[in-house]
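Novice: One letter stands for each residue in the lines below.
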Amino acid sequence: AQSVTQLGSHVSVSEGALVLLRCNYSSSVPPYLFWYVQYPNQGLQLLLKYTSAATLVKGINGFEAEFKKSETSFHLTKPSAHMSDAAEYFCAVSEGSFQKLVFGTGTRLLVSP
Amino acid sequence: EPEVTQTPSHQVTQMGQEVILRCVPISNHLYFYWYRQILGQKVEFLVSFYNNEISEKSEIFDDQFSVERPDGSNFTLKIRSTKLEDSAMYFCASTRQVQETQYFGPGTRLLVL
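One line per chain: the protein sequences are A and B, in this order.
The opening residue of the first sequence carries number 1 in the working numbering; numbering runs sequentially from there.
The opening residue of the second sequence carries number 1 in the working numbering; numbering runs sequentially from there.
Honestly, I wouldn't trust all of these hints.
As a list, the in silico PhoX-like pairs of lysine-lysine whose alpha-carbon atoms are at most 25 Å apart [said to hold, decoys possible]: (1) A:K69 x A:K58; (2) A:K68 x B:K42; (3) A:K49 x B:K57.
If you want the footprint, here are the derived chain B segments under chain A, 3+ residues with CB under 8 Å [said to hold, decoys possible]: (4) 37–45; (5) 48–55; (6) 80–87; (7) 99–110.
The set of hints was computed from the structure by calculation and includes no laboratory data.
Ideal placement from N, C-alpha and C gives every residue a C-beta, glycine not left out.
Work the whole structure out from these sequences, hints included.
Specialist: As structure tokens, this is what we get:
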């Protein structure tokens, strides 16, 4: 079974600073990988996904993630944090014939002025 | 833009009572999913549904749980006899094709007392 590890349950950055949220997956076969964001009291919104087309994936709101097979990683980055980026971020991998999502434990991003 | 909707947004019930959580997936989607998130924990897969039958279910999805697509638009999750540990946020998701993005609803927060 697939698993996803997100290092750091909380990450704090200052507005304008680089955002780096870490995600490692367990699969030996390149899977489909996702980053979802959850704003307070809202559902999960897709930020970006990797489907083996390109290793650097650009998503919404200026976020991007790089798939590194050698490191089994799919870290999420944004060059300059904005206050509105404060939310919970979940990395996920799809598994099985019906592509259920297996989520990591999430990382709460805190952005200070 | 089409979106997945869920009702109710919050539900409080007594232990042992039956609850039905409702979802309206995006209209041309064919694959449907339920996930749950216990407070402070990661999002977990419960069940997937395609062609009017369960395609996959997790260990969590025991005999107390059932799903149904009663009328071609709604997708419901029933818990027959709720337990305290069923308290969680329940998310519905849908996708048109299994390899495409799953779109999530805003969730139903269930509290079992």
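Novice: Hint by hint, note whether the structure agrees.
Specialist: Hints versus structure:
1. A:K69 x A:K58: Distance ~17 Å between K69 (chain A) and K58 (chain A) Cα, so the pair holds.
2. A:K68 x B:K42: Holds. K68 (chain A) to K42 (chain B) sits at ~24 Å (cutoff 25 Å).
3. A:K49 x B:K57: Status holds; Cα separation ~24 Å.
4. 37–45: holds (count 5)
5. 48–55: n = 3 at 8 Å, threshold three: holds.
6. 80–87: violated (count 0)
7. 99–110: holds (count 8)
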